[in-house]
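Asks: The primary structure of each chain is shown beneath.
Number of protein chains: 2
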Amino acid sequence: VSEGLEITALASFPEIGRGDRLGDLIVDATREANMRLHDGDVVVVSQKVVSKAEGRTRQLADVEPGPRAESLAEQIDRDPRLVELVLSESRHIVRAETSVLIVETNGGWICANAGIDASNVPGDETVLLLPEDSDASARRIRAELADALDGERPAVVVADSFGRPWRLGQTEIAIGCAGVIPVDDWRGRADSEGKRLAATVIAIADQLAAAADLARDKTSREPAIVIRGADRWWTAADGPGAAALQRPADRDLFR
Amino acid sequence: VSEGLEITALASFPEIGRGDRLGDLIVDATREANMRLHDGDVVVVSQKVVSKAEGRTRQLADVEPGPRAESLAEQIDRDPRLVELVLSESRHIVRAETSVLIVETNGGWICANAGIDASNVPGDETVLLLPEDSDASARRIRAELADALDGERPAVVVADSFGRPWRLGQTEIAIGCAGVIPVDDWRGRADSEGKRLAATVIAIADQLAAAADLARDKTSREPAIVIRGADRWWTAADGPGAAALQRPADRDLFR
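Chains as they are written, first to last, in the working numbering: chain A, 1 to 255; chain B, 1 to 255.
You can take every hint at face value.
Take a look, some chain A residues computed to stay more than 10 angstroms from chain B by CB distance:
| # | residue |
| --- | --- |
| 1 | R36 |
| 2 | D39 |
| 3 | Q59 |
| 4 | R139 |
| 5 | E152 |
Quick look at which bits of chain A chain B covers, simulated, 3 or more residues with Cβ under 8 angstroms:
| # | region |
| --- | --- |
| 6 | 96-108 |
| 7 | 166-178 |
| 8 | 240-246 |
To list a few chain B residues with every Cβ distance to chain A over 12 angstroms, as calculated:
| # | residue |
| --- | --- |
| 9 | A73 |
| 10 | P80 |
| 11 | E84 |
| 12 | E152 |
| 13 | T235 |
Treat the hints as calculated values from the structure; they're not laboratory data.
Even for Gly, the Cβ is constructed at its ideal location relative to N, Cα and C.
Hey, can you work out the whole structure from these sequences and the hints?
Replies: Dropping the structure here:
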């Protein structure tokens, strides 16, 4: 029997505002739970609190849709102000259908509406953009944790829920990480029969995000989850980040 | 702090042959680990052992490729015998490119090569097909567990690793389940601000499969993982199975 994984949701945070140090709030919440974070631990943080801390909240009333947004909004039957924000956050439209815009974001993520979300945000006309660079966000939160933990450096994953082609339902995936191997490449290693493993590249950071979500109550404000027992993917260096999970366009049959 | 999740890989099984009762082997392995399974527990079982127990092993030497397989094999530069098997296991080709066949399987899964795999299978010319109906497999394993556990009915998820558009690396997903809510639909419920959650449908069974994979050593023969603390998705009835995760073609922009 391998040593197992333990996944624990930390207590809710207060409502997050621009400039809040999430690392400090995470350490406060672990202390409340009589838990001390160490090297080897992984903290999965919800994109929403990261975006809020980075001031990525926008008021639809402040958005002036341009002609391209007006026309696209009419085509897909959505609010032209939201479409304007989606376009400004995107470098490429993958699909535009009634009420759905699948885009490639400026940060390289392919998702609906550039990841812009209105749930769990106060105010009817308030929306939240993705962090501009969520790998940088993960590195910053990790540095804040190390400051508050006398140099212990748990890994950080920034997670968001994305839909998928072919399968119903959303899963949490990683849009940022620091201190964790995002993609574990087993190609060339031997399987249990001694044969080379042909296609085994495992999206570790995405699986960490998915696992963390199971420990959380979706309607609560539990924005940080601690995973213990995933030490084998922990690294002292921040590493390549979740950008390593982005499939290059020339190896992608579906964009 | 919510009660957390505990994920434990069970000890390796002996090599599985046609007709083996996986439920009995799982219960034996839990006893070795001084663990007793109960209602509310979830056992994630690797597709490979399920397919082996169901006699889904094939010898390439026994396969006679037809003209369609020969022509497609030449187009994509793969073994025509493998392509013949992929075609016989599929109802629709989604993409055919050099060395890659993305298909919709007879069971409704969209994946590379109809999920046919040659790693972790003894013999150079031996391949393994997906179970014919992996929800039925999950129900059967669950019934075997209940037999061996005096009526306790842990849930069962049959997991396989699939690649994804847009993102590198494979993640484990559910191709079968029994006794677990596969898709948790939060639409219409309120978020933490009291607003309706618009698009929150969570692929629970896929996240359980992904979480389980993190507790496993990929080269070992650890084919069964126990997840504790996911009781809120456990059901006494076997339920709709992982088929509920299949996105209907008319709601899919990518096939």
